[in-house]
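Enquirer: These are the residues of each chain, in order.
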Amino acid sequence: SQTIHQWPATLVQPVGSPLSLECTVEGTSNPNLYWYRQAAGRGLQLLFYSVGIGQISSEVPQNLSASRPQDRQFILSSKKLLLSDSGFYLCAWSSRTEGPYNEQFFGPGTRLTVL
Amino acid sequence: LAKTTQPISMDSYEGQEVNITCSHNNIATNDYITWYQQFPSQGPRFIIQGYKTKVTNEVASLFIPADRKSSTLSLPRVSLSDTAVYYCLVAKGSNYQLIWGAGTKLIIKP
Numbered sequence: 699s700q701t702i703h704q705w706p707a708t709l710v711q712p713v714g715s716p717l718s719l720e721c722t723v724e725g726t727s728n729p730n731l732y733w734y735r736q737a738a739g740r741g742l743q744l745l746f747y748s749v750g751i752g753q754i755s756s757e758v759p760q761n762l763s764a765s766r767p768q769d770r771q772f773i774l775s776s777k778k779l780l781l782s783d784s785g786f787y788l789c790a791w792s793s794r795t796e797g798p799y800n801e802q803f804f805g806p807g808t809r810l811t812v813l
Numbered sequence: 321l322a323k324t325t326q327p328i329s330m331d332s333y334e335g336q337e338v339n340i341t342c343s344h345n346n347i348a349t350n351d352y353i354t355w356y357q358q359f360p361s362q363g364p365r366f367i368i369q370g371y372k373t374k375v376t377n378e379v380a381s382l383f384i385p386a387d388r389k390s391s392t393l394s395l396p397r398v399s400l401s402d403t404a405v406y407y408c409l410v411a412k413g414s415n416y417q418l419i420w421g422a423g424t425k426l427i428i429k430p
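Just so you know, the sequences run in chain order A and B.
Under this note's numbering, the first residue of the first sequence is numbered 699, with each subsequent residue one higher.
Under this note's numbering, the first residue of the second sequence is numbered 321, with each subsequent residue one higher.
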């Protein structure tokens, strides 16, 4: 069966510090991968998606970046965090067949607080 | 600009049927409609997906009229455990775009 891991589960970082969140998927190959952010009490904001190694599409201009160094690894980074980067970060995967229509499976999330 | 619109919140009681409607006026021919459920501090979970007419699974039904400009998620006989946020998603195949609604917070009362 497929599983998706995210770490860390919680993170408290000062403004201006760097960020690295990691997501890995097991039990599947060639997945589509997604990074979402959810501000407190708000909806889902798609940040990045990837259809393959090194292929990253950005949905929202921001101080965040994403990388996919391996087929089942997706990393979200920032060089300098802003207060507005606080939120619940979710990684998700879906089967690449049939493109964007497939069910997305979400990870447990990382709660980031920027102080 | 493609957009999905859904009510911010809804209340209901245990045992009732709950219908949540999502508006997606700019839906295109090859777009699909999907609904997700999210509990606090968890990732969303897939409920149901459809293209047109009616789809039913073990937990919900999805009604989509002929013009496909809206969709209605129907939860039969809700229980307290159905209290959650429900998201409507339009997946656009033409440009690999995902249009998420802002979510409907459903509160089920005893």
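Treat the hints with care, as some may be off.
Simulated pairs of lysine to aspartate or glutamate, EDC-like, Cα-Cα distance not exceeding 20 Å [as the list claims (entries may be wrong)]:
1. B:Lys323 <-> A:Glu757
2. A:Lys777 <-> A:Glu720
3. B:Lys412 <-> B:Glu378
4. B:Lys412 <-> A:Glu720
5. B:Lys412 <-> A:Glu801
6. A:Lys777 <-> A:Glu757
7. B:Lys374 <-> A:Glu720
8. B:Lys372 <-> A:Glu720
9. B:Lys425 <-> B:Asp402
The set of hints was computed from the structure by calculation and includes no laboratory data.
Enquirer: Does each hint fit the structure? Answer for all of them.
Expert: Structure-based check of all given hints:
1. B:Lys323 <-> A:Glu757: holds, 15 Å
2. A:Lys777 <-> A:Glu720: Between A:Lys777 and A:Glu720 the Cα gap is close to 15 Å, so the pair holds against 20 Å.
3. B:Lys412 <-> B:Glu378: Roughly 26 Å between the alpha carbons, so the hint for B:Lys412 and B:Glu378 is violated.
4. B:Lys412 <-> A:Glu720: violated, 27 Å
5. B:Lys412 <-> A:Glu801: holds, 13 Å
6. A:Lys777 <-> A:Glu757: Roughly 19 Å between the alpha carbons, so the hint for A:Lys777 and A:Glu757 holds.
7. B:Lys374 <-> A:Glu720: Roughly 39 Å between the alpha carbons, so the hint for B:Lys374 and A:Glu720 is violated.
8. B:Lys372 <-> A:Glu720: violated, 37 Å
9. B:Lys425 <-> B:Asp402: Satisfied, since the Cα-Cα distance of roughly 10 Å is no more than 20 Å.
Checked against the numbered hints above, the structure violates hints 3, 4, 7 and 8; every other hint is satisfied.
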